Amino acid sequence: MTKQAANKSSMSNTRNWPKAIDWTYDAPGQRVPVYVCKLFIDAEKQMIKMFGLKNQSFLASTKNYVNARICMSPPEARIAVKEFIQQILRKGGVRNLVNKSEKKSFHRLKRIKELTEKPIFYQLKGLSDKSLSRLWQQLCLSFRDFFAPLVLCESINWYLEEFIWDGLDNLKDNRQKRKFFEILTTTTSRQYRVKAEEFLFKIAILIKKNKHLKSVFLTKNFDHILSFKKINQLLKRCSRQFYWINNNYVDTYYLDEKFFVNELLEIIQQEDILRRLKNIQQRSYLVKKQKEKILKQLKIKGKRDYRNIVFWLDHLIYWTDMRKQGVARLAYFFNLLLKEIAERNSLSINEIRCLTPEEIEKLIIAHKVDKKFLAQRKKACIFLYSNKVREKFFSLEGAAALAFEKQVASQPIKRGKNEYKGMPVSPGKVIGKVRLLKSVLEVATLKRGEILVTGNTTPDFLPAMEKASAILTEKGGSTCHAAIVAREIKKPCVVGIRNLISVFKTGDKIEVDANKGLVKIIK
1 MTKQAANKSS
11 MSNTRNWPKA
21 IDWTYDAPGQ
31 RVPVYVCKLF
41 IDAEKQMIKM
51 FGLKNQSFLA
61 STKNYVNARI
71 CMSPPEARIA
81 VKEFIQQILR
91 KGGVRNLVNK
101 SEKKSFHRLK
111 RIKELTEKPI
121 FYQLKGLSDK
131 SLSRLWQQLC
141 LSFRDFFAPL
151 VLCESINWYL
161 EEFIWDGLDN
171 LKDNRQKRKF
181 FEILTTTTSR
191 QYRVKAEEFL
201 FKIAILIKKN
211 KHLKSVFLTK
221 NFDHILSFKK
231 INQLLKRCSR
241 QFYWINNNYV
251 DTYYLDEKFF
261 VNELLEIIQQ
271 EDILRRLKNI
281 QQRSYLVKKQ
291 KEKILKQLKI
301 KGKRDYRNIV
311 FWLDHLIYWT
321 DMRKQGVARL
331 AYFFNLLLKE
341 IAERNSLSIN
351 EIRCLTPEEI
361 EKLIIAHKVD
371 KKFLAQRKKA
381 CIFLYSNKVR
391 EKFFSLEGAA
401 ALAFEKQVAS
411 QPIKRGKNEY
421 KGMPVSPGKV
431 IGKVRLLKSV
441 LEVATLKRGE
451 ILVTGNTTPD
461 FLPAMEKASA
471 ILTEKGGSTC
481 HAAIVAREIK
491 KPCVVGIRNL
501 ISVFKTGDKI
511 EVDANKGLVK
521 IIK
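Residue numbers for the sequence shown follow my numbering, beginning at 1 and rising by one.
These aren't lab readings, by the way, just hints derived from the structure by calculation.
Because the structure is a prediction, the values reported are computed rather than measured.
Don't be surprised by glycine CBs; every beta carbon is placed ideally from N, CA and C.
Zero decoy hints are in this set.
Pair by pair, the computed Cβ-Cβ distance ranges are:
(1) Lys368 - Glu117: 32 to 40 Å
(2) Val194 - Glu83: 30 to 38 Å
(3) Lys505 - Lys392: 37 to 45 Å
Kindly generate the complete structure, drawing on both the sequences and the hints.
Following this line, the structure appears as structure tokens:
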């Protein structure tokens, strides 16, 4: 069957999909290679089998591996998720499920660390095609197996948030309700970026205590700085633990000691390092204490179930962070292999990124690829998985993919009304000008004090988030990336504002009330 005939056959299966869908995950401008989209679907399929979920359907879309969009919750999937959660609650197995899944994830993260520490990754040129193929397979399996239990985060977060919110309905004070909800949906665990910051703060305190060492740091002479044995050892340890923190699916770096010296140069010039370090160290304990106080205070039916859901959601946020760790580590080594594969086949690395894992595996051995098909795949690609069709998994390329996405994608609303509502996830009030970021490539355009408006944030958006006076996103809930980061950096944040990026444009003057979740356009 030709690729064109395959697309035509696949299009007939799409009739079983809803006429319009709401994208669960929509990252404007985030570059997600085709092989990652396919691995994500494979992990979803494994997750369904692992947790016994039924009737799940998934869709992943990417154009030139930019603007990744994922739909995981057509109506039948949401029903399946509710049934799954209710079943877990009836059996009283929340803690057992959490502990079992967490143990599995820790074990798989350990395996990723062991795999990526092998010296073979720095000896790729000497490998035969078969050895390179085996190494590629190992990376893909590590990604899928690690990702599978953690995909549960995306599938059920929305329901757990609704459950917690509905349990606060007996509170008459709406402000108190929102405050309780914010605390109950805040994680007690420390995110990996906070751990890296804590590590650097500890080094910075040692430096500030030694006037000579501080003066050496301020000269920015790297060789002189690294000549201090204790500092050199600490920086090497920091690099080994956090070399991957700035990685995404496409851009990867091995952050060395010099990178962390530059980070320290900024920190040691701050006055409140000790106070900030204490805040980081005490935060988990304080959040846990606040949660316990609220849970004791609440008078609701099914209090045990409610407590279990709060516990479960807390761990799901932690799992999300763990998942980012694994992906960021693997991305660096995926790119090492992709560069070698591209070189052996006289292709660009961007062309390789438009292939599925299976197609890359064949390319390594056969050294053949259909350039015309590759061009179509680069233009647009959609992967679908559904239990409702005979051919459960299929893909669409080029014009067929664009036509299908146009058929199901939610239509943007027209500008008109001047007040919009979303979920408040980090409190505060701000008036300022909008900076609409449609892509991570535009992050550098945001000026300090502007209000960040985007579809969905990822770690690539952090520099803009830190400069913004407030953060607004079209997607997400209380446990999304934007919400977690906004609480950490204490910025007003409202998420889940429907059609936000269709309504606002750069330069609009707006008022953000993140206490109530309201955004007003000021004329």
